[in-house]
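Q: So the protein sequences, as listed, match chains A and B. Its first residue numbered 1, the first sequence is counted upward by one per residue in full-length UniProt numbering. Its first residue numbered 1, the second sequence is counted upward by one per residue in full-length UniProt numbering.
All clues stand as given, with none of them false.
Identical copies look the same in the list; a pair holds intra-copy or inter-copy alike.
Computed cross-link-like contacts, DSS-like style, restricted to lysine-lysine with a CA-CA straight-line distance of at most 30 angstroms:
#1 Lys-39 x Lys-189
#2 Lys-78 x Lys-189
#3 Lys-79 x Lys-145
#4 Lys-189 x Lys-214
#5 Lys-143 x Lys-109
#6 Lys-39 x Lys-79
#7 Lys-109 x Lys-39
#8 Lys-124 x Lys-109
#9 Lys-214 x Lys-145
#10 Lys-145 x Lys-78
#11 Lys-143 x Lys-214
#12 Lys-78 x Lys-214
I should point out that these hints are in silico values taken from the structure, not numbers from a laboratory.
2 protein chains.
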Amino acid sequence: MLNLKNEKIPRATITRLALYVQQLEVLEQEGEKVVSSEKLARACGVNPSQIRKDLAYFGEFGVRGVGYYVYELKEAIKKSLGLDRVWNVVLVGVGNLGRALLRHHVLRKRGFVIVGAFDCDPFKIGEEIAGLEVMCSSNLPTKIKELNAEIGIITTPPERAQRAANYLIRGGIKGIVNFAPARIAAPEKVVVEYVDFINHLFSAAFQISLNQSKGFYS
Amino acid sequence: MLNLKNEKIPRATITRLALYVQQLEVLEQEGEKVVSSEKLARACGVNPSQIRKDLAYFGEFGVRGVGYYVYELKEAIKKSLGLDRVWNVVLVGVGNLGRALLRHHVLRKRGFVIVGAFDCDPFKIGEEIAGLEVMCSSNLPTKIKELNAEIGIITTPPERAQRAANYLIRGGIKGIVNFAPARIAAPEKVVVEYVDFINHLFSAAFQISLNQSKGFYS
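Model the full assembly from the supplied sequences, consistent with the hints where possible.
A: Printed below as a string of structure tokens:
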């Protein structure tokens, strides 16, 4: 049950909320009970008015003149984002990036547990990575139900991304996080997220070019 | 020399422009000379009015009743984003993710050539990955100049990200693309981009929770 005031939260806000959760967890580990919006803002690298605006979506977790209760705010954001539970995830495409994600501790720490690894390469099927035996991608439709997986990560080469997506969709997956540099077609009820890290390099290159044209480095 | 009408291009626009470049390259390979905004929009998964709005930043590359010239538009966007050249990149942190990026063909294809790999682990220094010999991170300040690198990728554990950034900054790096789940401090003239793929999982989980509350899957 979500308790959001408004369901139309902009994407950029979700990204910042995720960042707040991470910083609130750090503060919690440091034993902090209360944090001011100024301190939380500094830790997150955003300005305090932005934080206050973002948290307006979440009702009232702040106390005037005191700040926010660290644990309560963190739990409220997590609950609202659907992060107060564990999500079972399957991964398709056991290449370099797939292996890196399978071995990535942060995913599990954040509540995303990879419960199955799939590939269509017969040389990879049966291999064990991070405690999982790689299975044949064609088994995805039945395995997704067996493993109770709701999210599928695609780390195939771009030309195989749609086929991987089709297997996931046939298995009733609810969301796909696609790391392959390719657009994929999916029914409306299947959430698709694209992780296109090349864009961050593009963006860095673009901003450097702008800085150069302003004479920043001369 | 940038030819942008307006330097304040929103981040979301840069992301879409990068996507247009990728799709225009596909069209070019398929031998297409001209593309309508409708067709380009479909290929990119955005709506045609959005494309026309985005390309308004770039002056006039369209011809009324015909569409856009594929090659000319692609080159104009690339030039404007600073992508009509090669960028030398160094990578710090040769773990699973670092190795995956070092072996990733898409980076080079997009004009980002990793010219140096660095780590502070003595067991990794000297190892050869994707044709590069891993060097000691403390050599970064001198190596960045030698290698003429402008962008640094950080793929260290979060607790070592700031130290990696400090080395990069001391070497005069112009931009940092940080894959480590940690905020880093840098002087204003150093561009910092965060690649936080956990956010995409958060976002997928959040959207699935919303869909569930609407009874999409029942």
